[in-house]
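Following our numbering, the numbering of the sequence shown begins with 8 at its first residue and continues without gaps.
Some hints could be false.
Said to hold, decoys possible - Pairs of lysine-lysine, DSSO-like flavour, derived with a Cα cap of 30 angstroms: (1) Lys-47 to Lys-69; (2) Lys-103 to Lys-34; (3) Lys-152 to Lys-17; (4) Lys-170 to Lys-152; (5) Lys-17 to Lys-34.
It should be emphasised that the hints constitute simulated quantities derived from the structure, not laboratory data.
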Amino acid sequence: MAMDFDSVLKDAMAALHDQRDRMLEAKRELDAATASATSKDRMVSVTVGPQGQVVSMTFHTKAYQSMAPAELAAALVTVLNEARATMGSQVIERIKGFQDFSGHLRSVTGLAGTPVEMDELLKPLRAMAPTFSQEESLEELRAAKQEEFAAEEEAARRASEQKAKQDEFEAEAENRIPTGKQEEFSG
8 MAMDFDSVLK
18 DAMAALHDQR
28 DRMLEAKREL
38 DAATASATSK
48 DRMVSVTVGP
58 QGQVVSMTFH
68 TKAYQSMAPA
78 ELAAALVTVL
88 NEARATMGSQ
98 VIERIKGFQD
108 FSGHLRSVTG
118 LAGTPVEMDE
128 LLKPLRAMAP
138 TFSQEESLEE
148 LRAAKQEEFA
158 AEEEAARRAS
168 EQKAKQDEFE
178 AEAENRIPTG
188 KQEEFSG
């Protein structure tokens, strides 16, 4: 039974659009999210944003005024870390739903059990397209050219480094010869 390329592609694109919409919604929610923590003695509360940035800090008592600087610093670090840990947990929970999208995409396209790498995943879909062999040849050519370019860049970098070392050595050699003695060594 042959797969219909258009319907498979439409299903995959619909899944991708759905995933994109879900990700954008998650981003909006996380951009507006905050997490708070209060110290055990209820002296201070801290609220942080999605990046762990401090949004607000409220002192509920004046106990901080009589605390040693190190004691106050420790209390603030503890409550800040608690708020950041809570925010981190919220972020992790929110993005867990996106963890196995590649598996979902494979099931939508009927390619369950296929490789996880996206190129390998999409290769059977691309193979159904009339221009696949041309595209594959072009990709192989591009990859070969890229490797060739990288090798040339590496060779040029090494030559440049060697030239710089040689120039540095020659400059140092001139400085090592005592002043007034150059004529004796020049032959």
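Hints and how they fare:
1. Taking the CA atoms of Lys-47 and Lys-69, the gap is about 15 angstroms. The hint holds against a cut of 30 angstroms.
2. About 13 angstroms separates the Cα atoms of Lys-103 and Lys-34, which keeps this hinted pair within 30 angstroms; it holds.
3. Between Lys-152 and Lys-17 the CA atoms are separated by roughly 33 angstroms; this puts the pair beyond 30 angstroms, and the hint is violated.
4. For the proposed pair Lys-170 and Lys-152, the alpha carbon gap of about 27 angstroms is at most 30 angstroms, so the pair holds.
5. Proposed proximity of Lys-17 and Lys-34 is supported: the alpha carbons are some 25 angstroms apart, at most 30 angstroms.
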